[in-house]
Amino acid sequence: DAGITQSPRYKITETGRQVTLMCHQTWSHSYMFWYRQDLGHGLRLIYYSAAADITDKGEVPDGYVVSRSKTENFPLTLESATRSQTSVYFCASSEPHRGPNIQYFGAGTRLSVL
Amino acid sequence: GIQVEQSPPDLILQEGANSTLRCNFSDSVNNLQWFHQNPWGQLINLFYIPSGTKQNGRLSATTVATERYSLLYISSSQTTDSGVYFCAVERSADSSYKLIFGSGTRLLVRP
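Just so you know, the protein sequences line up as chains A and B, in that order.
Number 28 in the working numbering belongs to position 28 of the first sequence; there are no gaps in the numbering.
Number 80 in the working numbering belongs to position 80 of the second sequence; there are no gaps in the numbering.
Honestly, the hints are just simulated from the structure, not real lab data.
Nothing here was measured: the structure is a model prediction, and the numbers come from that model.
Watch out, some of these pointers could steer you wrong.
In silico negatives: residues of chain B with every beta carbon more than 12 Å from chain A [stated by the list, open to error]:
#1 33
#2 42
#3 44
#4 55
#5 58
#6 67
#7 76
#8 84
#9 98
#10 100
Derived, one-sided and incomplete: chain A residues facing chain B with beta-carbon distance under 8 Å [stated by the list, open to error]:
#11 41
#12 61
#13 75
Here a beta-carbon is modelled for each residue, glycine too, at the ideal position from N, C-alpha and C.
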């Protein structure tokens, strides 16, 4: 039971580069979410997806792009990384149509933009 | 949007002590979860508790939805309880299943 996995766990990149963070879940959950965690802000929602090919913006979407061609994958792309995107990124999934909306989180990706 | 406030922001306990963490929210909710973020950064679900009381070992939680707050009780604290505790809510009027997080309570349990 792999659950929800994120890769890479750590990433260092330079400003202006494109970087993609991967998220994969094995539960066939319909909903998937991307959050970022910064000191003093808790977790803030970047983007979410209700199903394959259905995505929507969260609280802080600027500078990010998502796609969801398959139910199990929800990659997050920083098209031109900036230092302000240095953060810890968490992916989560849930299945609210089969019970309560309990979100389960991956281990996170720590991204540093130099 | 909905505001989620957690208190206290920081808490230091001696091992064996009890504590109460509070989460206030500014709008009606149909989902409230408590999470523990361990020192390695992993977010662990503790409770799904939109209303009522639940207990799991030394931890229990109570949500009074009509008064818009939730409490997390930790009894006989252990060093492994250290970390950050987050409350997250889903606003009733929002059909997108998004969670809004509080800023967390950072707990340090000393041996």
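A quick look at each hint next to the structure:
no. : hint : in the structure
1   : 33   : violated, 7 Å
2   : 42   : violated, 6 Å
3   : 44   : violated, 8 Å
4   : 55   : holds, 17 Å
5   : 58   : holds, 21 Å
6   : 67   : holds, 21 Å
7   : 76   : holds, 26 Å
8   : 84   : violated, 9 Å
9   : 98   : violated, 6 Å
10  : 100  : violated, 8 Å
11  : 41   : holds, 7 Å
12  : 61   : violated, 12 Å
13  : 75   : violated, 19 Å
Hints 1, 2, 3, 8, 9, 10, 12, 13, counting from the list given before, are not met by this structure.
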